[in-house]
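Participant: This is what each chain is made of:
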Amino acid sequence: MALTPDRKRDIERAARRVRIDTIEMTHAAKCGHPGGPLGMADFMATLFMAHLRLDGETLHDPDRDRLVLGNGHTCAGLYSLLSQKGLFPPELLATFRKLGSPLQGHPHRNPELGIDMSTGSLGNGLSVGVGMALAARLNGWSSRIYVASSDGESQEGQIWEAATSAAHYGLSNLCVLVDFNNIQIDGVMREVMDVRDLRAKYEAFGWHAVDVDGHDIDAVDGALCEARETDDRPSAIICHTTLGKGVSFMENEAGWHGVAPDDEQATRALAELGV
Amino acid sequence: MLAETSETTTVDTPSAKKVATRDAYGEALVELGREREDLVVLDADLSGSTRTKGFSKAFPERFFNMGVAEANMMGTAAGLAAMGKTVFASSFAMFAAGKAWEQIRQSICIPQLDVKICASHAGLTVGEDGKSHQMLEDLTIMGVLPHMTVIVPADAVEARGAVRAAADLDGPVYVRLSRAPTPVVLPQEHRFEVGKATTLRDGSDLAIVACGVEVGAALDAAALLTADGIEARVINMATIKPLDEELLRRAAVECGAVLTAEEHQVRGGLGSAVSDLLARTSPVPMDMVGVEDTFGESGRAEELLVRFGLDAASLATRARALMERKS
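Chains A and B, in that order, give the protein sequences.
What the first sequence shows, in my numbering, is residues 353 to 627, in sequence order.
What the second sequence shows, in my numbering, is residues 29 to 355, in sequence order.
Bear in mind the hints are in silico, worked out from the structure with no lab data behind them.
It should be emphasised that the depicted structure is a prediction, and the values quoted were computed from it without experimental measurement.
It cannot be assumed that every hint is accurate.
If you anchor each label on the Cβ, the simulated ranges turn out as follows [what the hints assert, rightly or not]:
1) A:413 to B:88: 24 to 30 Å
2) A:542 to B:197: 45 to 51 Å
3) B:322 to A:509: 28 to 34 Å
4) A:509 to B:352: 51 to 57 Å
5) A:409 to B:221: 38 to 44 Å
6) B:224 to A:409: 43 to 49 Å
7) B:192 to A:509: 31 to 37 Å
8) A:354 to B:88: 40 to 46 Å
9) A:582 to B:334: 56 to 62 Å
10) B:85 to A:413: 32 to 38 Å
Ideal Cβ positions, reconstructed from N, Cα and C, are used throughout, including at glycine.
Construct the complete structure from the given sequences, taking the supplied hints into account.
Facilitator: Now the structure itself:
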């Protein structure tokens with residue numbers, strides 16, 4: 353079913369909030385990874401606002417959905433979305449990466465805040481998703497297990513161990529969203545280590561897999577609906593995105609993978625985002 | 029022959045009966061499976077050898093063979109545990125601890141999840157398979173991980189208790205198991221408790237602190253030492269982490285010399301843990317028996333223990349030399 357105009361407006365608003373929060377959080381922390389969350393903002397906002405059953409009310413329902421942020425360095429975006437879903441007050445975002453904060457530089461599992469898994473070392477997330485999907489099925493729960501991953505992370509061999517096992521066990525309750533922006537720390541992914549056609553790879557591993565424009569909210573929503581209707585295999589949604597999307601001087605620049613904006617850059621970025 | 033008092037278990041000679049600790053693990057798992065609905069077991073294509081096969085037959089819906097992919101198995105175990113399951117994950121020690129160390133650190137220990145890694149085929153007693161399979165570094169790399177409990181059962185009796193204790197403990201546990209049948213040195217009524225060592229033989233000339241197959245060797249060595257008029261205390265240090273600090277300190281003070289023995293690299297395992305504690309609290313002359321910074325080789329289990337100086341006679345020789353250093 354297509355998104356209603358109201359719902360679409362909610363998603364757009366949430367994605368814009370993710371971008372603003374990401375700039376403010378990394379600026380305040382004077383470190384962090386702004387490029388990824390800016391690029392992922394549209395598809396992650398679509399997931400959180402239209403699909404993921406996780407908010408302040410459902411937090412302690414055992415059969416709620418789960419999200420594992422495999423590319424944990426993009427957690428500024430995760431924290432923004434969790435606060436927008438009422439898991440904690442937005443004021444907490446200002447503590448990002450600071451001593452004593454539950455909002456660690458890479459996610460640390462915190463059942464009270466809706467942070468479902470500790471991640472940070474690439475390659476681990478999808479395996480955790482496999483275990484969660486097996487547990488949900490064993491318990492007869494309707495939980496859907498979402499894993500965020502990336503093209504760079506797909507260079508890790510463990511991803512393909514996990515992909516093999518998810519298909520073997522027919523985990524139709526598992527869905528991976530791959531942020532494919534062709535940028536990694538050392539430069540252009542195609543030049544550093546080309547992972548080639550991830551849709552074809554996931555298909556060859558026995559998954560239902562689609563390519564979408566990761567900034568097209570309707571397309572992402574459609575792919576998430578299709579994944580939910582796929583009842584015999586796991587689903588992979590390859591979200592093609594632009595690193596740093598929404599801030600002109602950050603777009604497609606590998607340098608913005610893991611560097612925080614200074615005062616002047618933050619002001620310019622926020623101005624571009626309409627703040 | 030075997031009598032356990034509140035503190036000391038007296039063992040005259042080790043029982044002739046030999047059972048592999050992996051067999052006790054397999055049996056305990058099936059028992060636990062009957063008692064606990066939340067128990068899930070994973071293996072990486074070695075269920076016949078690690079003895080998880082019994083569980084897989086009894087509870088096929090709660091057993092998942094993850095194929096030859098140990099890293100993914102540990103991540104999967106973490107995911108199951110994050111959803112409330114108590115998970116046992118098994119492979120050979122080399123692959124469970126060695127290949128999947130990073131996954132154990134990131135996905136199991138950091139979030140403190142309820143995953144029990146029961147690793148068989150540890151140490152030299154793997155035998156003929158040789159150095160690629162003789163895991164001699166697992167206590168180092170598992171013990172160094174925060175939140176990880178590390179257990180090395182002395183025999184099949186203790187293995188059964190350790191597996192049950194691991195299931196009851198909240199958080200990650202590493203249990204080191206052996207392929208080769210080894211002597212049963214503890215009485216059937218022995219109760220394993222995490223973090224509690226047991227004194228199997230009293231003596232005050234020196235303390236031999238051992239784990240795993242070396243506990244039997246230590247008892248035999250103590251018997252040999254009586255001919256020299258040396259009365260050795262033999263301590264079964266089944267939990268490497270957390271150490272039974274109180275019992276160790278008392279042994280050091282009362283005996284004045286400590287010899288450790290383990291089927292593991294001499295650095296980074298039991299000996300290092302004991303010396304680390306005693307150096308800070310009650311330093312006494314020490315020696316450590318283990319594998320000396322080398323890999324293993326093919327051979328029969330008993331031959332290898334002699335070849336690497338881990339047999340009773342070698343322990344006794346090292347104990348006599350240590351006695352010379354006592355002031």
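Participant: Give a verdict on every hint.
Facilitator: Results of checking the hints against the structure:
1. A:413 to B:88: 24 to 30 Å: Holds: the Cβ-Cβ distance is about 29 Å, inside 24 to 30 Å.
2. A:542 to B:197: 45 to 51 Å: holds, 48 Å
3. B:322 to A:509: 28 to 34 Å: With Cβ atoms ~30 Å apart, the hint holds.
4. A:509 to B:352: 51 to 57 Å: holds, 53 Å
5. A:409 to B:221: 38 to 44 Å: Once the Cβ atoms are compared, 43 Å apart, the range 38 to 44 Å for residue 221 of chain B and residue 409 of chain A holds.
6. B:224 to A:409: 43 to 49 Å: Holds - the Cβ-Cβ distance for residue 224 of chain B and residue 409 of chain A, about 45 Å, lies within 43 to 49 Å.
7. B:192 to A:509: 31 to 37 Å: holds, 35 Å
8. A:354 to B:88: 40 to 46 Å: Roughly 43 Å apart at Cβ, these two residues keep to the hinted range, so it holds.
9. A:582 to B:334: 56 to 62 Å: holds, 60 Å
10. B:85 to A:413: 32 to 38 Å: holds, 34 Å
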